[in-house]
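Those sequence lines, one after another, are chains D, C, U and S. Its first residue numbered 1, the first sequence is counted upward by one per residue in the working numbering. Its first residue numbered 1, the second sequence is counted upward by one per residue in the working numbering. Its first residue numbered 1, the third sequence is counted upward by one per residue in the working numbering. Its first residue numbered 1, the fourth sequence is counted upward by one per residue in the working numbering.
None of these hints come from the bench; they were simulated from the model. Quick reminder that beta carbons are idealized off the backbone N, C-alpha and C, glycines included. Keep in mind that the hints are not guaranteed to be accurate.
To be verified - Heads up, simulated DSS-like pairs for lysine-lysine below, C-alpha to C-alpha not over 30 Å straight-line:
no. : chain 1 : residue 1 : chain 2 : residue 2
1   : D       : Lys264    : S       : Lys238
2   : D       : Lys328    : U       : Lys262
3   : S       : Lys255    : C       : Lys128
4   : C       : Lys275    : S       : Lys393
5   : D       : Lys267    : C       : Lys264
6   : C       : Lys328    : S       : Lys255
7   : U       : Lys393    : C       : Lys275
What the hints assert, rightly or not - Now the in silico label distances, taken between C-beta atoms and shown as ranges:
no. : chain 1 : residue 1 : chain 2 : residue 2 : range
8   : U       : Gly309    : C       : Asp220    : 53 to 59 Å
9   : U       : Pro361    : D       : Asp198    : 16 to 22 Å
10  : S       : Phe5      : D       : Asp213    : 28 to 34 Å
As the list claims (entries may be wrong) - In silico contact screen, one side only, chain S against chain D (beta carbon under 8 Å); selected entries:
no. : residue
11  : Gln73
12  : Arg74
13  : Thr260
14  : Ala286
15  : Thr293
16  : Tyr297
17  : Arg301
18  : Ala308
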Amino acid sequence: MDLSYSDEQKQIKEGVERFVREQYAFETRRKIAATDRGWLPENWAKFAELGWLGMSFSEDDGGFGGGMVETAILMEAFGSGLVLEPYLPTVILGGGLLASGGSAAQKEALLAPMIGGEKQFAVAYVEKQSRYNLADVAVTAKKNGGGYALSGHKGVVYNAASADTIFVTARTAGGQRDEKGITVFAVDAKAKGITRRDYPTQDALRASEVTFDNVSAGADAVVGQVDNGLALFEGVIDRAIVALCAEAVGCMDALNKQTLEYIKTRKQFGVPIGKFQVLQHRMVDCFTNAQEARSMTLMATLKIDDADATTRKKAASGAKVQIGKSGKFVGQSAVQMHGGMGVTDELAVSHYFKRLTMIDTLFGSPQHHLTRYGNLSMAA
Amino acid sequence: MDLSYSDEQKQIKEGVERFVREQYAFETRRKIAATDRGWLPENWAKFAELGWLGMSFSEDDGGFGGGMVETAILMEAFGSGLVLEPYLPTVILGGGLLASGGSAAQKEALLAPMIGGEKQFAVAYVEKQSRYNLADVAVTAKKNGGGYALSGHKGVVYNAASADTIFVTARTAGGQRDEKGITVFAVDAKAKGITRRDYPTQDALRASEVTFDNVSAGADAVVGQVDNGLALFEGVIDRAIVALCAEAVGCMDALNKQTLEYIKTRKQFGVPIGKFQVLQHRMVDCFTNAQEARSMTLMATLKIDDADATTRKKAASGAKVQIGKSGKFVGQSAVQMHGGMGVTDELAVSHYFKRLTMIDTLFGSPQHHLTRYGNLSMAA
Amino acid sequence: MDLAFTPQDIAFRDEVKAFVKANLPQDIADKVAHGKHLVRDDHMRWQQALGRQGWLVYTWPKKHGGPGWTVTQRYIFENVCADMNAPGIIPFGSKMVGPVIYTFGNDEQKARFLPGIRESSVWWCQGYSEPGSGSDLASLRTRAVREGDHYVVNGSKTWNTMGHWADWIFCLVRTDASAKPQEGISFLLIDMKTPGITVKPIIMADGGHEVNEVFFDNVKVPVENLVGKEGEGWTYAKFLLANERLGIAAVPQSKRGVDTLKQIARNETADGKPLIEDQDFRNKLADLEIQVTALEYTELRALSAMAAGGAPGPEVSFLKIRGSEIQQRISELAVEAVGYYAMPYHPALLWHGANEEPIGPAYAHVAAPRYFNARKTTIYGGSNEIQRNVISKMVLGL
Amino acid sequence: MDLAFTPQDIAFRDEVKAFVKANLPQDIADKVAHGKHLVRDDHMRWQQALGRQGWLVYTWPKKHGGPGWTVTQRYIFENVCADMNAPGIIPFGSKMVGPVIYTFGNDEQKARFLPGIRESSVWWCQGYSEPGSGSDLASLRTRAVREGDHYVVNGSKTWNTMGHWADWIFCLVRTDASAKPQEGISFLLIDMKTPGITVKPIIMADGGHEVNEVFFDNVKVPVENLVGKEGEGWTYAKFLLANERLGIAAVPQSKRGVDTLKQIARNETADGKPLIEDQDFRNKLADLEIQVTALEYTELRALSAMAAGGAPGPEVSFLKIRGSEIQQRISELAVEAVGYYAMPYHPALLWHGANEEPIGPAYAHVAAPRYFNARKTTIYGGSNEIQRNVISKMVLGL
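One chain only, chain D, in its complex shape:
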């Protein structure tokens, strides 16, 4: 049992923290968010150059053989600076699907150039009725000659406007919520029949509503096995949850740092408000919450590759529950302790709060994951 970083990991940590420090000052981020894309190609090129895009992929897949620990190091730093570049949809989700389910040909055609920084991905799985049930899939993929025709609507697809390839969960068999009969497809984002409605999200990212109208996809577009895509997809989402938790830990630490600084300097009634015991104890609870979030994220980081599927799922859901609880407490407390300034667009605090709020929902609410954890843990 060893919970310390290796020298290589320490170097990665220093590198990404330097990037955030130098390239992601809050006002810089505001400008990046206001660009058409909502993120900077120069930054993405740097990610590729520094090897961050291939960090967690095996050497065989053209990566650098890192794992979730390295991914968590990057994501935590991204969270601390509210980095806007689409690492999560492109590398963690799209790249993850290819790494765990892609054919040699798909890896060569899509994963390699993604690692090189030439390709962007989006993953379409949310539907208006589906909430957090990954098996609730109404989008259909009908056999069509040698291939398939996809039809239906997917919602809140992050990075769709910038994506070259969109990964879609579609129903090839079974009823709307059957676990069997779901297939993952990789379709060209420019394919005929795809229409998008793009919009910014509350936390300054970009997403789209994507409609598929008889979009044809060849048999070679299937990622993993036909009808058995759910396990693959759920596994990738569970890994993405751990990465997201690491991002949230970065957000919380940054927020606590800002709040602590604020209550040390902000004066009322002639003294810094940090002298008031009620705020002191609340600040202590903020730190405790962030520590617990970090501990659960560490646990999930180290267990997400466990041989036992139940252990992996429990790890992801347990961490998501903790991140939700801690993120809400830290975020709401930061705003409250900042007083009026905390509810303005001017300070960074409200932007961290908004990101933590969206993280709370992304990949399933804490309530959803508490139920999932409970069902996994209490089964006789």
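Use these hints to put chains C, U and S onto chain D, whose structure you have.
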């Protein structure tokens, strides 16, 4: 809309508060709890003499025509002094069953002498498996000539050892959790076939495990209608819940008073601990909780006789949820703010805490009533 | 003790319902029902309708042109208005400066200002907080220096709500720099058109513009605009804040909020069932509804005590605490209810009433902005920490 | 970074398991499993078995007779013992006074006292708190006056745990009344058989006797029983409290507590189904299990930092805060789980191990007493309010 007490009600309030002040000093209560019975016949005689036993019964039934407002006044005062006399099982439960379901003969034989102070009651409805489901009744009452034979086990029957009559819910038809097929019987506590195991409870009251072995009950022992006893019984329990909430409000106010006094006088680090902002705010939240408990109890007191059954049930369950939440916060906070002394048997605070803890469970936990309230309130 | 309304109360409720039905423009009711933001004209149309009826200043005594309603009538009026999706009354005139003027102002001021407040022909705003003052109101630094028959005002105010729509502002200013913080403060009425006043928007976390900073650069204010005595503004300010705290529980709004949540939960699905049938979410709704009920009956108890002749004491502070916590909880559960569709940010629809198809259900895109915005409710009007300090000192004697 | 145990760790774990299996008397394991109270002899039998193995003082370095285990080995040892229902080690000797003696005591004291602690032939208790001192330890008033080769001790100590079973007590006493509160305090070792010592039981809310008041009436203590320097007792006290805080998280005990809760929830029924299938209760269990996991990994991070050479810093205070809150939550959920059968109070069974049939399920009658008793965990060892003050000052610099 008028939320003020009438002059008569004010007099009742002063009377019962005087009784508690003069007869229920904490050390006196300790002595009363240590007696064989666990309560004082002299006190009971005084209850009768002061008209408290007949307070909430109609003049036709030999009472004084009061209602839930008067009952709440008494129960709140009893709560403030942790009064041990069995008012709840005898008057509220037993008397309540007779008032709303009893025949003229039963009222004459049982209710009248109870009001006179000559009869004590107990109500047996809890079973080992039933938890809070009043319809989960395994005790059977089999037709037996003109009457019935009762068999089975009832648990945690308050006041059974002192009772002259035990009211029992038994199954006369249907399956174990069917709402139909439950009948309420009034049986002589000394009847052949009844065996008891008596014990004190955590909060210094007395209860018993009661086993019925072919206990014969005549047809005239049926309270209300055969097979349709559940509605009658549930209605009485709902009224008892409101009375219990009033008792809890009395407990909370007494506890807050003691805690406030303690933190004003107890010194640490050279100052009264009530000067520490964290304790000040916690004390404020204790008072807020007690105020909310009082408000919900008032609401339930005024709605428990509403013409609409759903309104009545929601009122009782809503109040029970609030009392649970407030009682736990006030009780735990009182112990915490008293520090080490709060966890000793020596001070009254732990005894109030124990009573509030038992109240939390009695007639159904807050969780049980939250679910009940939700089902009543959210039905489309 | 009785919850039932008297026949007179019931007749009154019907009268109010009929009035709202006849006088509340449908387009405004729709905006309120869908949580859309109102523009100045929306507020004015409704408030002027109330003004013509003499109901806008419904908390005022008869002798100052109010209806002189009983506590029960006020309660009925507020609930009917909320139930029928009437906009909340902007408090700065009718609930804040109005009572100050008729309580502490002179006859000339009453004659000059009260009619415009009663009719809502004049829009008032508040000049209390200053950059850096926060909950420590008495630390204000805006100076008013007497020069002949004018005060010359210099300084700035912040968290000024809807000042960009206002005709007049009431301000706390320091007229004696040498006095102790709470002394030397005066209460001035200032025409927003006076030269030297500039209004700078503050953008909130939800992207909206509802508050401002107001800058005063040598603004000349006639001495007759001073309310009461010079140096006693703090007394009037506390009087005003006490009135503010009472309404701030916002019980009728929270009751409507819970109903809206139930509607959303009936529309949303989880695993193919309506969300309202989900045990966990149902528990949360039930718990919230019980919290609102507890608050309502707490307020009723306070009102009934007031009806019996008491004034709103410091205990009303906890109505503010719980009321604001509940408003936040409602907004939080709405975000939970709409799931992924809380994420799209739709400013055109949210702020500019653009005629676009919303992304996701119409109720979804407002959920997160309202949650972000509702964080202010535990901060403004004296943060909840301050409110707890007040109760601790004034009620508990700690 | 790796959670996996090394082959050596696994071999060690098997060795510990084998030892506990062979040396933990079954009757003791049963009592622990059913939450019954242990008598002095139960503790002694187990601790002396550990002592013979050299494991009782498992946190001690080799040179003082400890096993010199790694942080990982300690973790394994504690978890195996808890899993196998071994009683917790009474900390006063092995975890409190022992380290003080080998760190600050002289060679004579080490030779005289450490063997009895290692073998558990001597039962130690603690004389820290005093009536009225509470969390303000430095305000202690028990005096020790030097007279020739003795100190004469007068005063009283409270919250003295299991002193009625103890052979020796370590005390903080005031040897210089003129000095500042935290100075003039000394650390004395006192034989409980010394004339002038009386032990008075304090009955707890659950009816049990576990703590006492200890009175000192002209108790003569040889000067050689002074540890370290006169007047420096406060330094030793803080050293001791820091060690105390670390173990106080009680993670292995809480993990066992959650398992027990699950068993109860499988036994109990609600509407004919096992309680563990009740959505609401299952949520609460899941939430609790996640809290325990978060605490466990937080402690592992602290231990791994210590292994890398760090000492337990003030941040361990929050292990105490969360650990105690979790222990309380476990006891609270047990009460909720057993429903009505939390009500019967059964002292004969609870305290005197009477051979009676319990009322209701065997696990039920202990639930409420444990809940009442567990309230102490956020109070003793420095209340959680004090712990938060410490973190605020030492960690956050507020």
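Status of the hints after comparison with the structure:
In summary, the hint linking Lys264/D to Lys238/S is supported, as the alpha carbons are separated by about 28 Å, within the 30 Å threshold. Annotation: proposed proximity of Lys328/D to Lys262/U holds, straight-line Cα distance about 23 Å (limit 30 Å). Straight-line distance between C-alpha atoms of Lys255/S and Lys128/C comes to about 28 Å, which keeps the hinted pair within the 30 Å bound. Distance check on the hinted pair: Lys275/C and Lys393/S sit about 18 Å apart at the alpha-carbon level, within 30 Å; holds.
Between Lys267/D and Lys264/C the CA atoms are separated by roughly 28 Å; this keeps the pair inside 30 Å, and the hint holds. Only pairs whose Cα atoms come within 30 Å are accepted, and Lys328/C paired with Lys255/S is accepted, the gap being roughly 24 Å. Taking the CA atoms of Lys393/U and Lys275/C, the gap is near 10 Å; set against the 30 Å cutoff, the hint holds. With their beta carbons about 55 Å apart, Gly309/U and Asp220/C fall inside the hinted range of 53 to 59 Å.
Judged by the Cβ atoms, the range 16 to 22 Å given for Pro361/U and Asp198/D holds: they are separated by roughly 19 Å. For Phe5/S and Asp213/D, the hinted distance range of 28 to 34 Å is not satisfied, since their beta carbons lie about 55 Å from each other. Interface restraint check: Gln73/S against chain D, minimum CB-CB distance 10 Å, threshold 8 Å, status violated. With its C-beta approaching chain D no nearer than about 11 Å, Arg74/S sits outside the 8 Å limit, and its interface hint is violated.
Annotation: Thr260/S was flagged as interfacial toward chain D, and the flag is violated, the nearest CB pair being 14 Å apart, outside 8 Å. The beta carbon of Ala286/S is positioned within 8 Å of a beta carbon in chain D (closest approach about 3 Å), and the interface hint is therefore held. The beta carbon of Thr293/S comes within 6 Å of a beta carbon in chain D, closer than 8 Å, and the hint placing it at the interface holds. Contact between Tyr297/S and chain D, as hinted, is supported at the beta carbon level, the nearest pair being about 4 Å apart and thus within 8 Å.
Taking 8 Å as the C-beta cut-off, the interface hint given for Arg301/S holds, the closest approach to chain D being about 6 Å. Contact between Ala308/S and chain D, as hinted, is supported at the beta carbon level, the nearest pair being about 6 Å apart and thus within 8 Å.
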